[in-house]
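Peer 1: Sequence:
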Amino acid sequence: MTPAARIAAAISLLDRIASGDPAERALTNWARANRYAGSKDRAAIRDHVFDALRCRGSYAALGAGEQGRALMLGMMRAQGLDPDTLFTGEGYAPTALTADERAAYEAAVSDDSIAELDWPAWLRPILRDDLGPDYPAISQAMRARAPVFLRVNLARGMRDQAKAALANEGIIAQPHPLVETALEVTQGARLVQRSQAYLNGLVEVQDASSQAAAALLPLAPGDRVLDYCAGGGGKALAMAAACPEAQIFAHDADPGRMGDLPTRAKRAGTRIVQRPPGDPGAGYSLVLVDAPCSGSGTWRRTPEAKWRLDPARLSELCALQAKILSEAADLVAPGGALAYMTCSVLRAENEEQLNELCERGWLIELVRRFSPQTGGDGFFAAILRRSQQAQ
Numbered sequence: 005m006t007p008a009a010r011i012a013a014a015i016s017l018l019d020r021i022a023s024g025d026p027a028e029r030a031l032t033n034w035a036r037a038n039r040y041a042g043s044k045d046r047a048a049i050r051d052h053v054f055d056a057l058r059c060r061g062s063y064a065a066l067g068a069g070e071q072g073r074a075l076m077l078g079m080m081r082a083q084g085l086d087p088d089t090l091f092t093g094e095g096y097a098p099t100a101l102t103a104d105e106r107a108a109y110e111a112a113v114s115d116d117s118i119a120e121l122d123w124p125a126w127l128r129p130i131l132r133d134d135l136g137p138d139y140p141a142i143s144q145a146m147r148a149r150a151p152v153f154l155r156v157n158l159a160r161g162m163r164d165q166a167k168a169a170l171a172n173e174g175i176i177a178q179p180h181p182l183v184e185t186a187l188e189v190t191q192g193a194r195l196v197q198r199s200q201a202y203l204n205g206l207v208e209v210q211d212a213s214s215q216a217a218a219a220l221l222p223l224a225p226g227d228r229v230l231d232y233c234a235g236g237g238g239k240a241l242a243m244a245a246a247c248p249e250a251q252i253f254a255h256d257a258d259p260g261r262m263g264d265l266p267t268r269a270k271r272a273g274t275r276i277v278q279r280p281p282g283d284p285g286a287g288y289s290l291v292l293v294d295a296p297c298s299g300s301g302t303w304r305r306t307p308e309a310k311w312r313l314d315p316a317r318l319s320e321l322c323a324l325q326a327k328i329l330s331e332a333a334d335l336v337a338p339g340g341a342l343a344y345m346t347c348s349v350l351r352a353e354n355e356e357q358l359n360e361l362c363e364r365g366w367l368i369e370l371v372r373r374f375s376p377q378t379g380g381d382g383f384f385a386a387i388l389r390r391s392q393q394a395q
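Sequential numbering from 5 applies to the sequence shown in this note's numbering.
A portion of the hints provided could be inaccurate.
To be verified - Estimated spans, in silico, between C-beta atoms of each pair:
| hint | residue 1 | residue 2 | range |
| --- | --- | --- | --- |
| 1 | SER330 | GLN377 | 27 to 37 Å |
| 2 | GLN377 | ARG312 | 39 to 49 Å |
| 3 | ALA111 | ALA168 | 46 to 56 Å |
| 4 | SER23 | LEU85 | 20 to 30 Å |
| 5 | PRO140 | ARG39 | 43 to 53 Å |
| 6 | SER43 | ARG372 | 14 to 24 Å |
| 7 | GLN83 | PRO179 | 25 to 35 Å |
| 8 | THR92 | ALA141 | 32 to 42 Å |
| 9 | ALA168 | ARG364 | 24 to 34 Å |
Calculated directly from the structure, the hints in this document are not laboratory data. As the structure is a prediction and not an experimental result, all values here were calculated from the model. Cβ atoms here follow ideal geometry from the backbone N, Cα and C, with glycine treated the same way.
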């Protein structure tokens, strides 16, 4: 496919997504219906689509419209490219600009504050307050593609060993300073899940901020530890690797989310005990709540999610987080710890969720925020301690 044909395909996909089709499904269906497209074509089209979703607000401003065609025009303007080189109407290229399109394109707004347009309008004032002086820098960082990070399973080998093993398979990675287990993949990311380093459990795909948050957890040999909202089990696996002598349990309201956990645990050389939904057990030294949330800290990876979030859904999520925290607190033994984490940058989902537990006598031991400014996703972690008097 020519570069112009790739742009045309991205335009059709963006229009399909705008009409309600999830991005991944739209891309998969397009690939099945257009088998002539090679892997490089599919990757380039995917990049165009996700770049446009990440930067939908600013591209719409630069391209003078919100349809796929205008978003691709906005992308070209943002990248300093002349649209007349690709919007030619020749072959499978998009049609040439009309006089009206050209006039709107040339008059479209571009200024230093354009990065904040890539947040939903209703969320911008909230983020300005929540992020404070970091708001402009984080707004800019969230427009870029997220790095690919790997967690080195220290039970299988050290970081330098993992780096060398990956390099032997054409995957170039470098240590990341946020946490000693993190490698950032700079070349060959699409090869990772077929590599021996991955298949043998030496590395797992996990964001650096998530790894750094897990490294804060107070773990000791003999502890009974529960990952209460385990999902795919990434945190449970990280805890098992960090403290093999602890007993790690995993629970989720939807057991289907943990479907791959036994395979992942076997690959990592560890044991995770799964608890059935509604029966998490009790009396744990540590309970981890990696709560369902807006995912606002990960919107570089899932950009369409930010345009689907609305105030009503955010309120629902906050209520769910409060309910889960209250349930999880009851599972902690006296003197034990409760860890609360989200991949959100919003105070309503983070610091404000701790208030009720503090009123019940819980003590905050640690609060840490991570942002794309340190390389990984936006992430929040807090550790609270249950006193003998805490409810």
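Peer 1: Between PRO140 and ARG39, does the C-beta distance stay in 43 to 53 Å?
Peer 2: holds, 44 Å
Peer 1: Does the Cβ pair GLN377, ARG312 satisfy 39 to 49 Å?
Peer 2: The hint (39 to 49 Å, Cβ to Cβ) is violated, given that GLN377 and ARG312 are roughly 25 Å apart.
Peer 1: Please check whether GLN83 and PRO179 have a Cβ separation lying inside 25 to 35 Å.
Peer 2: holds, 31 Å
Peer 1: Quick one: are SER43 and ARG372 within 14 to 24 Å, going by C-beta?
Peer 2: violated, 39 Å
Peer 1: Can you tell me whether the CB distance of ALA168 to ARG364 sits inside 24 to 34 Å?
Peer 2: violated, 50 Å
Peer 1: Should the hint that ALA111 and ALA168 are 46 to 56 Å apart at their CB atoms be regarded as holding?
Peer 2: Given a distance of about 54 Å, which is inside 46 to 56 Å, the answer is holds.
Peer 1: Just to be sure I understand the hint, the distance between the Cβ atoms of THR92 and ALA141 should be within 32 to 42 Å; is that true here?
Peer 2: Holds - the Cβ-Cβ distance for THR92 and ALA141, about 38 Å, lies within 32 to 42 Å.
Peer 1: For the pair SER330 and GLN377, does the Cβ-Cβ distance stay inside 27 to 37 Å?
Peer 2: holds, 32 Å
Peer 1: Lying within 20 to 30 Å: is that true of the beta-carbon distance SER23 to LEU85?
Peer 2: holds, 27 Å
Figure legend: structure checked against the earlier numbered hints; hints not met, in rising order: 2, 6, 9.
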